[in-house]
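Once you have looked at the hints, place chain B on chain A.
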Amino acid sequence: MNDTPLMDGPSLMTDPRSLPDFEPQHYPRVNGKAPPAPHATDQNDRIEVEFAAAYYGLNCAHARLVRLRQQPDSTERRAEEKKRLQEIERLLIARDDLEDFYAPFGAIGEPIVKDGFTVNVMISFGNVDAFGRLRSDAYTITACVPVPLPQGMKFDDMCVTVEGPGTRPPAN
Amino acid sequence: MQKLILANYQAPGDVTVLTAAVRDLHRCCPDRFITDVDTDWPELWENNPYVTPLNAADIEVRRIECRYPLISFSNERPLHFVHGFIDDLNQQLGLDIKPTRIAGDIYLSDEEKSQPSLMEQITGEAIPYWIIVAGGKFDCTIKWWHIRRWQAVVDRLRDRFLFVQVGAGRHYHPPLKGVIDLRGRTSLRDLVRLVYHADGVLCPVTCMMHLAAAVEMKPDALSPRPCVVVAGGREPATWEAYPGHRFLHTIGMLPCCATGGCWRNRSVPLGDGKDTAHRLCVDTVNNLPRCMHMITPEQVVEAIRSYEPLGERTKLCAGNIFDHRMPPLFTNVAAIC
Chain A
1 MNDTPLMDGP
11 SLMTDPRSLP
21 DFEPQHYPRV
31 NGKAPPAPHA
41 TDQNDRIEVE
51 FAAAYYGLNC
61 AHARLVRLRQ
71 QPDSTERRAE
81 EKKRLQEIER
91 LLIARDDLED
101 FYAPFGAIGE
111 PIVKDGFTVN
121 VMISFGNVDA
131 FGRLRSDAYT
141 ITACVPVPLP
151 QGMKFDDMCV
161 TVEGPGTRPP
171 AN
Chain B
173 MQKLILANYQ
183 APGDVTVLTA
193 AVRDLHRCCP
203 DRFITDVDTD
213 WPELWENNPY
223 VTPLNAADIE
233 VRRIECRYPL
243 ISFSNERPLH
253 FVHGFIDDLN
263 QQLGLDIKPT
273 RIAGDIYLSD
283 EEKSQPSLME
293 QITGEAIPYW
303 IIVAGGKFDC
313 TIKWWHIRRW
323 QAVVDRLRDR
333 FLFVQVGAGR
343 HYHPPLKGVI
353 DLRGRTSLRD
363 LVRLVYHADG
373 VLCPVTCMMH
383 LAAAVEMKPD
393 ALSPRPCVVV
403 AGGREPATWE
413 AYPGHRFLHT
423 IGMLPCCATG
433 GCWRNRSVPL
443 GDGKDTAHRL
453 CVDTVNNLPR
463 CMHMITPEQV
473 VEAIRSYEPL
483 GERTKLCAGN
493 IFDHRMPPLF
503 TNVAAIC
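For the record, the sequence lines run as chains A and B. Heads up, the first sequence is in our numbering, so the first residue is 1 and it goes up one at a time. Heads up, the second sequence is in our numbering, so the first residue is 173 and it goes up one at a time.
Pulled out of the complex, with its shape left as it was, chain A reads as follows (with noise of 0.2 Å):
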């Protein structure tokens, strides 16, 4: 990850990482990995893990619906769905905010979901590539194009001028 400054996030988020309750089958990989450290202060880093911990708040409160769900059907079941399923309408419009935040960085999140519940969010970023390349680095693309020469000579032999690196034969 490359460095780049810290900017100042849309909330002061606690990492669920460090609570007691921490439930891991809840958490989310990010880009298929284990989302950064909860120290991390890489900003690209910091988005992984606010997005991480948005989709783990979200994994949570579906979990305990779909437990409440399990009970038999009662007046008090129904009112604690409603509270359950406000829960989570408030934890949407927290991640909402968080996609708001982070969008015009160029920031993308996109949940991988199975069974209900957020299993990886891939997020790309504005400042890098796909390969965590700076975008506005300069790279180049190689080719190796074997080109034989007639039979029986010699490419010192041969009147011609190649240029760039690595078109000299090696020495024997």
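Careful: at least some of the hints might be erroneous.
Listed next, the in silico EDC-like pairs over lysine to aspartate or glutamate satisfying Cα-Cα at most 20 Å (straight line) [as the list claims (entries may be wrong)]:
| no. | chain 1 | residue 1 | chain 2 | residue 2 |
| --- | --- | --- | --- | --- |
| 1 | B | K309 | B | E412 |
| 2 | B | K270 | B | D260 |
| 3 | B | K349 | A | D97 |
| 4 | A | K33 | A | E110 |
| 5 | B | K309 | B | D353 |
| 6 | B | K349 | B | E470 |
| 7 | B | K309 | A | D129 |
| 8 | B | K175 | B | D203 |
| 9 | B | K349 | A | E110 |
| 10 | B | K349 | A | D100 |
| 11 | B | K270 | B | E412 |
| 12 | B | K349 | A | E99 |
| 13 | B | K390 | B | E283 |
| 14 | B | K349 | B | D331 |
| 15 | B | K270 | B | D203 |
| 16 | B | K349 | A | D96 |
| 17 | A | K33 | A | D45 |
| 18 | B | K390 | B | D282 |
| 19 | B | K446 | A | D42 |
| 20 | B | K390 | B | E218 |
| 21 | B | K446 | A | D129 |
| 22 | B | K309 | A | E99 |
| 23 | B | K175 | B | E232 |
| 24 | B | K285 | B | E388 |
| 25 | B | K309 | A | D100 |
Hints are computed from structural coordinates only; laboratory data are not their basis.
Relative to the frame of chain A, chain B by itself:
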């Protein structure tokens, strides 16, 4: 006749505008020049009657680097982007070319025109559609409107318009729901053909806006191609807006664009080495430039609907096309809850 190779290696939007200068060079100076072009976007020059392949090694060929320094006066003088390359050619060639049309000049072959549209190839039906571009390049994030606002426009027009989302895979184009998703799946020539068949275009100030004006119209078209541009305050409308377009801007409404476009590039620093203070937006609302924040989905919806009297919508729209016709590959659905 003088042989010219007109060169420009800028973005496809710029080269689209260059096509206007080549057209007007020939219209204003008929039979004086043979022109070829050297750009990164040959797809924009296909079937162009003003382009003749020339040999760059031919000593009779003059190569001209085409630019538009006139942009430096875009906030003060009554100029359109189309004037930019033309003025530069006038300076370099000692001519007096006048713009004959405020639009680029992109042609389709008869075969291309007769082929079913990309949408028809996907769906099997000639469905009316609008193109939507909900993002842009990373080097100019200030042009971006918010994804949630683009989505709100799509949602509110769901029963009336079908949108096809396009955008280069290497740029910022977050996925919209309820649209046909062709992001990263179109070549530039595909886009030209897609524009030809489109009922309209919705976009920020981007290549697609120039294409909407430049791609030739269908023979039965009554007016220029509808296009709604979410522009904000970066660029003066006089420089960017095309006749017939709804160019939603905030020039004159904010201190930072009180008398003209700010021409800044970034909403927030991205930390990619291209952030400099003079390029950074000075007035943001939750990281969105205030000028873009001031443009609401309602305004955009109203602008799109203002074109409705031009053509009768068919009953095919996003509201029912997803139900039974669209292969899932091309659609985005809600991912959670």
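Which hint numbers doesn't this structure obey? Result: no hint breaks.
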